[in-house]
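Asker: Chain by chain, the residues run as shown.
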Amino acid sequence: SQKIEQNSEALNIQEGKTATLTCNYTNYSPAYLQWYRQDPGRGPVFLLLIRENEKEKRKERLKVTFDTTLKQSLFHITASQPADSATYLCALYNQGGKLIFGQGTELSVKP
Amino acid sequence: GAGVSQTPSNKVTEKGKYVELRCDPISGHTALYWYRQSLGQGPEFLIYFQGTGAADDSGLPNDRFFAVRPEGSVSTLKIQRTERGDSAVYLCASSLSGANEQFFGPGTRLTVL
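Line by line, the protein sequences give chains A and B.
FYI, the numbering for the first sequence is 1 to 111, going by the working numbering.
FYI, the numbering for the second sequence is 1 to 113, going by the working numbering.
Calculated from the structure, these hints are not laboratory results.
Incorrect hints may appear among the rest.
Partner residues aside, some chain B positions facing chain A, computed with beta carbon under 8 Å [as the list claims (entries may be wrong)]:
1) Tyr18
2) Gly28
3) Thr30
4) Leu39
5) Gly42
6) Ala55
7) Asp56
8) Asp63
9) Phe65
10) Phe66
11) Gly85
12) Gln102
13) Phe104
14) Pro106
Away from chain A, derived, C-beta distances all over 12 Å, residues of chain B [said to hold, decoys possible]:
15) Thr13
16) Gln37
17) Gly59
18) Glu83
Using N, Cα and C, we set each Cβ at its ideal position, and we do this for glycine too.
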């Protein structure tokens with residue numbers, strides 16, 4: 001069956017370090033993958049989109065990689081700040097418009 | 001307004017009652033989505049509209065759930081004979097078309113007692 005998995009345990013890191021979050025999937029052939037940030041009590045906010053023919057995408061302190069052979073995406077936040085603390089969701093777009101989300105990974109950046 | 005809005009922000013109802021949840025998408029966005037999110041989980045797809053028509057309703061859990069978007073803008077998610085298991089945050093999102101980033105509203109927290 002189709003499955004998307006993100007680190008289920010919360011990730012705690014020190015301010016200034018690089019946070020790396022993982023998204024693995026099985027039995028999908030997504031056209032592209034998106035990453036969202038969600039704060040408590042709010043809806044997800046779009047961060048980055050990476051297409052199946054792209055290996056890497058960057059936006060300011062964010063970097064996403066997409067390996068369709070390994071069926072994995074990595075999401076990096078460099079020079080992390082306490083304000084980066086949130087839950088990060090990966091989502092696969094396959095066809096027809098709908099997104100399939102992972103369960104999210106909670107990131108906590110300590111000062 | 002600039003973003004997606006949802007009303008009410010909170011809804012408490014009793015088992016067996018009927019509820020309606022409303023979504024106002026960003027003006028000009030043709031695609032509209034409904035998701036349901038339980039605590040500690042990611043959003044779960046329910047239904048996707050392109051214009052006035054439901055392009056994909058494969059995520060609706062059963063026939064108690066129904067959604068409409070009669071004029072291609074505002075959408076209403078309707079739940080009949082609510083059950084305690086329907087308790088969740090219902091999120092609405094819109095996008096320019098079906099293959100773009102989605103803009104989410106703040107959600108409606110539904111509690112069925």
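Asker: Each hint should be assessed against the structure and marked as holding or not.
Answerer: Do the hints match the structure? See the list:
With a cut of 8 Å, the hint placing tyrosine 18 of chain B at the interface with chain A is violated, because the nearest CB-to-CB distance is about 25 Å. Look at glycine 28 of chain B: its Cβ only gets to about 17 Å from chain A, farther than 8 Å, so that hint breaks. Violation of the interface hint for threonine 30 of chain B is found here, the shortest Cβ-Cβ separation to chain A being roughly 10 Å, above the 8 Å cut-off. With a least beta-carbon distance of about 11 Å to chain A, the hint placing leucine 39 of chain B at the interface is violated under the 8 Å criterion.
Taking 8 Å as the C-beta contact cut-off toward chain A, the hint placing glycine 42 of chain B at the interface holds, the least distance being around 3 Å. Hint status for alanine 55 of chain B: holds, given a least beta-carbon distance of 6 Å to chain A, under 8 Å. Satisfaction of the interface hint for aspartate 56 of chain B is found here, the shortest Cβ-Cβ separation to chain A being roughly 5 Å, below the 8 Å cut-off. About 20 Å separates the beta-carbon of aspartate 63 of chain B from the nearest beta-carbon of chain A, more than 8 Å, and the hint is not met.
Hint on phenylalanine 65 of chain B is violated. Least Cβ distance to chain A is approximately 15 Å, over the 8 Å limit. At a threshold of 8 Å, the smallest CB-CB gap from phenylalanine 66 of chain B to chain A is about 17 Å, leaving the interface hint violated. Taken as an interface hint, glycine 85 of chain B does not check out: its beta carbon lies about 18 Å from the nearest beta carbon of chain A, beyond 8 Å. The beta carbon of glutamine 102 of chain B is positioned within 8 Å of a beta carbon in chain A (closest approach about 7 Å), and the interface hint is therefore held.
A distance limit of 8 Å between C-beta atoms decides the matter here; for phenylalanine 104 of chain B the minimum to chain A is near 3 Å, and the interface restraint holds. Proximity of proline 106 of chain B to chain A holds as hinted, the smallest CB-CB distance being about 5 Å (cut-off 8 Å). No beta-carbon of chain A is positioned within 12 Å of the beta-carbon of threonine 13 of chain B; the least distance is around 20 Å. Non-interface call for glutamine 37 of chain B relative to chain A: violated, since the shortest CB-CB distance, roughly 9 Å, does not exceed 12 Å.
Not every CB of chain A lies more than 12 Å from the CB of glycine 59 of chain B, the least distance being 7 Å, so the non-interface label is violated. Consistency note on glutamate 83 of chain B: stated as away from chain A, and its beta-carbon is indeed over 12 Å from all of that chain's, at 23 Å minimum.
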